[in-house]
Amino acid sequence: MAAMGLPAGDAARGEHIYDRCLACHAIDRDRTGPRHAKLFGRRAGSVPGFPYSAAMKRAGEAGLVWNDQTLDKFVENPTGFIPGTRMGYAGVKDPQERADLLAYLKQATQ
Amino acid sequence: MSKIIVPAFVLARRSFISQAMLSATAIALLAGNEALAASNDGDKQNGAGEQLAATSDVEILNTALGAEQEAIAAYQVGAESGLLKKPVRDLAVTFQGHHKAHADLLAKTVKKLGGTPSEAKTVAQYHFPTDKLKTGTDVLRFAATLEKGAVSAYLGAIPLFANRDLAKAAGSILGDEAMHWAVLRQALGEAPVPDAFVS
Numbered sequence: 001m002a003a004m005g006l007p008a009g010d011a012a013r014g015e016h017i018y019d020r021c022l023a024c025h026a027i028d029r030d031r032t033g034p035r036h037a038k039l040f041g042r043r044a045g046s047v048p049g050f051p052y053s054a055a056m057k058r059a060g061e062a063g064l065v066w067n068d069q070t071l072d073k074f075v076e077n078p079t080g081f082i083p084g085t086r087m088g089y090a091g092v093k094d095p096q097e098r099a100d101l102l103a104y105l106k107q108a109t110q
Numbered sequence: 001m002s003k004i005i006v007p008a009f010v011l012a013r014r015s016f017i018s019q020a021m022l023s024a025t026a027i028a029l030l031a032g033n034e035a036l037a038a039s040n041d042g043d044k045q046n047g048a049g050e051q052l053a054a055t056s057d058v059e060i061l062n063t064a065l066g067a068e069q070e071a072i073a074a075y076q077v078g079a080e081s082g083l084l085k086k087p088v089r090d091l092a093v094t095f096q097g098h099h100k101a102h103a104d105l106l107a108k109t110v111k112k113l114g115g116t117p118s119e120a121k122t123v124a125q126y127h128f129p130t131d132k133l134k135t136g137t138d139v140l141r142f143a144a145t146l147e148k149g150a151v152s153a154y155l156g157a158i159p160l161f162a163n164r165d166l167a168k169a170a171g172s173i174l175g176d177e178a179m180h181w182a183v184l185r186q187a188l189g190e191a192p193v194p195d196a197f198v199s
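Residue numbers (our numbering), protein chains in the order written: chain A, 1 to 110; chain B, 1 to 199.
A hint or two may mislead.
To be verified - With the Cβ distance kept under 10 Å, some of the chain B side facing chain A (calculated, not the full set):
1. ALA71
2. PRO117
3. PHE128
4. THR145
5. LYS148
6. ALA150
7. VAL151
8. ALA153
9. ALA157
10. SER172
11. ASP176
12. GLU177
Please keep in mind that the hints were generated in silico from the structure rather than gathered at the bench. Computed from a predicted structure; not experimentally measured. Even glycine gets a Cβ: it sits at the ideal position worked out from N, Cα and C.
Can you make the complete structure from the sequences, with help from the hints?
What follows is the structure in C-alpha cells.
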C-alpha cells in the first residue's frame, strides 16, 4: 500500500532501480555507503561502526528516522535534504521510480 | 525565490535542529509536517540546501575513490579466484588497472583540493560475497553489477560538482566504466548495450 502522498511502488521494478545503488551500497554489508538491512525505522547515521559524515550523524541526533516520507525526500535529492552528506548523488527524480525503489527496499531490508 | 512559511512549532525546535544543518524540507519532516515538506521542493531547485553546508567536491571525489578502491579489490578477488581463464582473466586485470588509474587520479585531486584521500581497506574488510562466486560466470556477473553501479554513481555525481573540470573528469571515468560493463555483458552472453540511456 502506498504511503500518504506517494504513488504505489512495484518492488520488482524497484529491484532494477536498486542496481544504481550497487556501486556503494548492499543490503547486508557496509560498503562505501552503509548497509540497507533494517533500514525502515532506523535512526539516520546509526549503523554501528559505519563512518558517517558529521551531517548524517547530526541528522540522526536531531531525530531523523528513515521511513517512507524521509527516504522519499532523501533519495530525491540527498545533498539537498542533508547538506554535507557524503552521498554525492544527484538523486532519483522520478516519483514513481522512487516509490518502486522504496517498495523493493521495504521488501529486501526486513 | 520561493518563501518558506515555517510554523511556530517548527521554529521552537529550530535552534536545536539547525545545529544538524538540515534542509528546510528535512526540518519540516522532523516536525511531522509533510505538507510543508512537500512545499519545500524549491529547496532542491534554488540551492537553499547548499547554502547550509554543501557536500563538497572533495567529499564527492572521496566517495568515488572509496568505490574505486573496492572495485580494485573485487577484481583482485576475481583474478585470484581461479575461476577466470584466459583471455577473460587478462581482461579483468586490464579493467582493474583502469580502476587503479581512476583511484590514483581521484586521490591526487583530493589532495590537490586540500582534502585527505580515503584509505583503501584490506580485501577481507570488504566482505565480498565470495561464497556466491562458484563459477567464472558468477565472477563476471559480480563485476558487471559493480560496473553498472559505478556508471550510475558517476552519472549521479556529475551534476553535483561545483567545478566543471571535475565533472568532465568524472564523465571520462563514467565512459570507461560503461565500456567495462558492456564488455562484461558481452562476455556473459547478454546484449552489451541494453538501452539507449544509462541511469
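Item checked: Supplied contact hint for ALA150 (chain B), tested at 10 Å Cβ to chain A -> At about 4 Å, which falls below the 10 Å cut-off, the nearest Cβ of chain A leaves the hint on ALA150 (chain B) intact, so it holds.
Notebook entry, point to check: Against chain A, is ASP176 (chain B) within 10 Å by beta-carbon distance?
Noted result: 14 Å, violated
Next item on the list: Return the status of the interface hint for PRO117 (chain B): holds when the least beta-carbon distance to chain A is below 10 Å, violated otherwise.
Entry: 13 Å, violated
Note to self: Hint validation: SER172 (chain B) versus chain A, beta carbon distance must be below 10 Å. Holds or violated?
What the structure shows: 16 Å, violated
Item checked: Given hint LYS148 (chain B) near chain A, where the shortest CB pair must fall under 10 Å -> 6 Å, holds
Margin query: Restraint: ALA153 (chain B) near chain A, CB-CB cut 10 Å. Satisfied or not?
Written below: 4 Å, holds
Notebook entry, point to check: If you take the shortest Cβ to Cβ gap from GLU177 (chain B) to chain A, is it below 10 Å?
Noted result: Cβ of GLU177 (chain B) sits 9 Å from chain A, so the hint holds.
Item checked: Interface restraint verdict for PHE128 (chain B) against chain A (beta-carbon cut-off 10 Å) -> 9 Å, holds
Note to self: Hint VAL151 (chain B) vs chain A: min CB-CB distance below 10 Å?
What the structure shows: Nearest chain A Cβ about 8 Å off; hint holds.
Next item on the list: Grab the minimum C-beta distance from ALA71 (chain B) to chain A and call the hint holds if it beats 10 Å, violated otherwise.
Entry: This interface hint holds because 8 Å falls under the 10 Å limit.
Next item on the list: Grab the minimum C-beta distance from THR145 (chain B) to chain A and call the hint holds if it beats 10 Å, violated otherwise.
Entry: 5 Å, holds
Notebook entry, point to check: With 10 Å as the cut and Cβ atoms as the points, is ALA157 (chain B) at the interface with chain A?
Noted result: Since the shortest Cβ distance to chain A is 5 Å, the answer is holds.
Taken one by one, the earlier hints fail for this structure at numbers 2, 10, 11, listed in ascending order.
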